[in-house]
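Numbering (this note's numbering), first residue to last: 36 to 137.
In case anyone wonders, no lab produced these hints; they're calculated from the structure. Glycine included, each C-beta is placed from N, C-alpha and C at the ideal position. Treat the hints with care, since some could be wrong.
[Stated by the list, open to error] Cβ pair distances, simulated, as ranges:
id, residue 1, residue 2, range
1, A116, L82, 10 to 20 Å
2, G92, S51, 31 to 41 Å
3, Q96, L54, 27 to 37 Å
4, S51, R90, 43 to 53 Å
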Amino acid sequence: MDPVRRRSDCARPAQSTQLQRDFDVRDMERRTRLMRVLTRRIALSELGNREIARRAGIPTQRISDLLAGRLEHFSADDLEAIHDSVAGVVDHEEAPTRITPP
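With the hints as extra help, turn the sequences into a complete structure.
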């Protein structure tokens with residue numbers, strides 16, 4: 036086998052690993068931003084955690100995990116869904132905002 040070809044074949048897994056790391060970092064940054072927005076909205080609301088959970092149709096433990104910063108318990112899709120359901124419950128703005136990645 037040609038040595039040049041072997042080197043290029045060896046480089047592919049490293050590139051793939053780097054792309055995966057970049058994706059993981061971006062996903063974690065997105066989840067962190069969503070979690071910050073959600074915790075800020077909940078903190079600014081005058082409702083208790085149980086009431087927010089009840090109105091949003093979310094188990095109280097999920098709200099507790101969110102407020103405790105347990106990022107590993109939530110996917111970005113989970114946080115988006117919670118954001119959408121909580122937006123109408125605790126939102127003091129006229130129109131709910133939606134977080135989009137940069």
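Evaluation of the provided hints:
no., hint, verdict
1, A116 x L82: 10 to 20 Å, "19 Å, holds"
2, G92 x S51: 31 to 41 Å, "40 Å, holds"
3, Q96 x L54: 27 to 37 Å, "35 Å, holds"
4, S51 x R90: 43 to 53 Å, "44 Å, holds"
The structure agrees with every numbered hint stated previously.
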